[in-house]
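Chemist: For reference, the chains in residue letters:
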Amino acid sequence: MQLELFKRDAPSGKMLVAAPFMALGLTVLTSGVMFAVMGFNPVAALYEYFIAPLTELWSVYELLLKAGPLILIALGLAVCYRANIWNIGAEGQFTMGAIFGSIPPILFPEWTSWTTLPTMLILGMVGGALYGGIPAFLKVKFRANEILTSLMLAYIALLILDYLVRGPWRDPGGFNFPESRNFSDEQSLATLEGSRLHFGILIAFAAVPVMWFFMSRTLAGHAFKVVGEAPRAARFAGFSSKTLTYAALMFSGALAGLAGIMEVAGPIGELRPTISPGYGFTAIIVAFLGRLNPWGIMFAGLLLALSFLGGEAAQITLGLSDKMARVVQGMLLFFVLGCDTLVRYQIRLTPNPKATPVATASEATDAA
Amino acid sequence: MASLHASQIIWVTLRLGNDVPLLAIEGLTKSFGALVAVGGVDLSIAEGSIHALLGENGAGKSTLVKMLYGTLQPDAGRILIRGKPTVVASPNEARAQGIGMVFQHFSLFESMSVAENIALALDHKPTPDEVKAELDDFVERYGLSVDPDATVGDLDVGVRQRVEILRVLLQKPSLVILDEPTSVLTPQEAESLFGVLRQLASEGKSILYISHKLDEVRALCDDATVMRHGKVVARTDPRKESSASLARAMVGSDVSEVSRKAGSVPADAPLVFELNQVKYDPGTLFGMSLKNISMRVHSGEILGIAGVAGNGQKELFDVLSGEALVDLDAVRMDGHPVGSHPISRRRQRGAAFVPEERAGHASVPAMALSENALITRKAPEDGTLGSLGVMKFSAIQKLSSMIRDAFDVRSAKGDPAASTLSGGNLQKFVVGRELSRDPKILVVNQPTWGVDAAAASFIRGAVMELAEKGSAVIVISQDLDELLQISDKIAVLSHGHLSEPLDAANVTLEQLGLLMGVDPTANTSEAAVVERSDAA
Chain A
3 MQLELFKRDA PSGKMLVAAP FMALGLTVLT SGVMFAVMGF NPVAALYEYF
53 IAPLTELWSV YELLLKAGPL ILIALGLAVC YRANIWNIGA EGQFTMGAIF
103 GSIPPILFPE WTSWTTLPTM LILGMVGGAL YGGIPAFLKV KFRANEILTS
153 LMLAYIALLI LDYLVRGPWR DPGGFNFPES RNFSDEQSLA TLEGSRLHFG
203 ILIAFAAVPV MWFFMSRTLA GHAFKVVGEA PRAARFAGFS SKTLTYAALM
253 FSGALAGLAG IMEVAGPIGE LRPTISPGYG FTAIIVAFLG RLNPWGIMFA
303 GLLLALSFLG GEAAQITLGL SDKMARVVQG MLLFFVLGCD TLVRYQIRLT
353 PNPKATPVAT ASEATDAA
Chain B
2 MASLHASQII WVTLRLGNDV PLLAIEGLTK SFGALVAVGG VDLSIAEGSI
52 HALLGENGAG KSTLVKMLYG TLQPDAGRIL IRGKPTVVAS PNEARAQGIG
102 MVFQHFSLFE SMSVAENIAL ALDHKPTPDE VKAELDDFVE RYGLSVDPDA
152 TVGDLDVGVR QRVEILRVLL QKPSLVILDE PTSVLTPQEA ESLFGVLRQL
202 ASEGKSILYI SHKLDEVRAL CDDATVMRHG KVVARTDPRK ESSASLARAM
252 VGSDVSEVSR KAGSVPADAP LVFELNQVKY DPGTLFGMSL KNISMRVHSG
302 EILGIAGVAG NGQKELFDVL SGEALVDLDA VRMDGHPVGS HPISRRRQRG
352 AAFVPEERAG HASVPAMALS ENALITRKAP EDGTLGSLGV MKFSAIQKLS
402 SMIRDAFDVR SAKGDPAAST LSGGNLQKFV VGRELSRDPK ILVVNQPTWG
452 VDAAAASFIR GAVMELAEKG SAVIVISQDL DELLQISDKI AVLSHGHLSE
502 PLDAANVTLE QLGLLMGVDP TANTSEAAVV ERSDAA
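Residue numbers (this note's numbering), protein chains in the order written: chain A, 3 to 370; chain B, 2 to 537.
FYI, nobody ran anything at the bench for these hints, they're computed from the structure.
There may be inaccurate statements among the hints.
Stated by the list, open to error - Simulated restraints on C-beta separations: (1) A:Ser-115 <-> B:Gln-349: 45 to 55 Å; (2) A:Asp-187 <-> B:Leu-329: 53 to 63 Å; (3) A:Lys-244 <-> B:Asp-439: 27 to 37 Å; (4) A:Thr-343 <-> B:Ala-245: 45 to 55 Å.
Only a predicted model underlies this, so the values are computations on that prediction, with no experimental measurement involved.
Ideal Cβ positions, reconstructed from N, Cα and C, are used throughout, including at glycine.
So here's chain A without its partners, still in its complex pose (with noise of 0.2 Å):
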């Protein structure tokens, strides 16, 4: 007997929804068997990992502000994986995003009116739409392939940020440590009373709605999976792909740099050399878990959120080393992708094919 996938004669709509739990459920049964391996008790490890953040306020809180930043980010992403175009370097577009919103407080930190944080917010906007404007660039004039240039550029600037808080940007009255001056009140987000949630999630949770609602009812939405889908066919409908290259690859950018604004305009309150827990390349996941659709994105969004806050438990009340965070993270985008094998083939037991009536010449051929 031997196992072999034949491709379905169309989609199977069951699979199509089945597919994300199958991944799921899989996540949970081989983590569960890992923290068996490490010799941990696996119900209580699971327990800590996926339950627990859930079982009290402050962590919900928690789970929003950080599933907050990867929804916005997978939205964007949603649009360029639509589009066929591989955008791997959300990380640096958040990064550019922080830098750029952070100018008003860091260069400008008299400057506390009202107008303060929206010009941040905006300005986070620019840097990152600008960021992701490179790889579309290179794309469209030398056919440079995005996957690579927009990856290396994550890397750039996560040094570039590197270098401004421990060079140029460090704060004048903070002795030495590597950080820019804080952020005052106008100059950040408004939090929820007694927690670090603030209103910027709104702005997250509010975008996914309208990405749904652009990317399935309007032409400029049905422009992006036309050229993704087709691309000659594209063409002929009158849709420029270099426009759209570098919209996709510039408003993902654009969401991105919100996203990485808001959270040092929010929780974090001050430029860092680390800023991000990887949520730039989480949001990869958090994209195709949620069938690059806003709803599903927004869903899994909260689903990979969890599985940080898991990962800080389990290390916080068990000792689970916090790199199991990512590991489980890539054991989901290991079984997304397997499972949505599923969704165009099936898998078929097949008897081996000596056993077959088949005909002679095949055996001569094995044989051979």
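Please arrange chain B on chain A, whose structure you already have, making use of the hints.
Modeler: Relative to chain A, chain B alone:
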């Protein structure tokens, strides 16, 4: 190798029972959802016979052949090879069973040599040198001359098809399936292909010949199976039938072909479309650059562009449609210069375009028909878009079903994906999408390529009707009969040059054939090769 020996014995034993047909199909059935593409088909092909499979598009021919070649698995029924029930699980299996297939669309690597392409296809993976030695034998036997060292990208379509056929023959099949093989050939090339097929049959090989060209089938085939709506409707000896009776069996009713009346364009018809000395280099390795092309098309006139594929048709279409941009003044519509205007602006001026490739260029295969309708129907007068580009779904659906009704597009109910339609039905949808705009200018590339007789006749009729209403029409086609039937004037595209237009009423096939074969820039074919490599 011991088992090979044993299998040969079995093979020989099976051959002795010579009443057993080489291939028999019993009750083969395949459904896609609610659509029964092939329903209980029986068919048998004797050794050494040339068997025609006739049918309209969507009749189930391709589905049937795909089951024989192992790319699809039947839901019911069985396939018997030399009387032995066989499961053809994959194309590899099919080849091992002695079934070879020449596809309608070529599957050659353009940047590789002929010998390399053939070596790749063979299961025992010979080196290109071994292939060359084997090729010589076949080339001599069948008169299929091909240079094994030539790069496929440099070869013209007729030669490429020869390579495809040789590739299949080197697998030493006992059954060769050919899917619409003559749609890319000049009349002379087609005739030489028939010679090869007849010789193969005389050597005891069987041939399953899929075509909609009835004259060919009558001249070539010993048997014919006619399919309609997934069922066999007739089994006949095509040599004893007339083209009309075969067509009736295929379509279920008489096919009426309308011809263009000579002199139907008034002498004072206004000039609508103009090309002035267009030069265009596609900048790709195997593209053909256009050299000083001029043309003038008047209101109510159909200009046919003849020529063998690969002589600049694709490039000419791109220049006409605005997918490739040239100097502003090089293209004029209604007197307005539009050469550097992209396709959308040309559509705004009332032009409509039907590209050659219906899936992937004219339509997005994975998208629903309504979404595909929107691709070219997004102007304000189409009423498909609201403010800010918000799509009006009910209007789009209405447009799509109007096109489907008016152009007799047969498909599953609802709003199916374009990829689920048969080639002819998708072509009718694409043509319908453009014609229902009542365009002032229509440019069509290969309007009926791979389309069955009924659909082709329908499409030609619709194009002629458009010209009657005063539109200027340019038809690029490799089908000379088609061009002679519908055009007022015919010009020939050869090596990127366009000949002077000839009056379709007086031109002969020989005249056109000569223009098609001649390279206007050179006296020898070597010179042409040099010129092309310079261009690259």
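Chemist: Against each hint, give a clear statement of whether it holds in the structure.
Modeler: Quick rundown of the hints versus the structure:
no.: 1; hint: A:Ser-115 <-> B:Gln-349: 45 to 55 Å; result: holds (47 Å)
no.: 2; hint: A:Asp-187 <-> B:Leu-329: 53 to 63 Å; result: holds (58 Å)
no.: 3; hint: A:Lys-244 <-> B:Asp-439: 27 to 37 Å; result: holds (32 Å)
no.: 4; hint: A:Thr-343 <-> B:Ala-245: 45 to 55 Å; result: holds (51 Å)
Comparing the model with each earlier hint shows no violations; every hint is respected.
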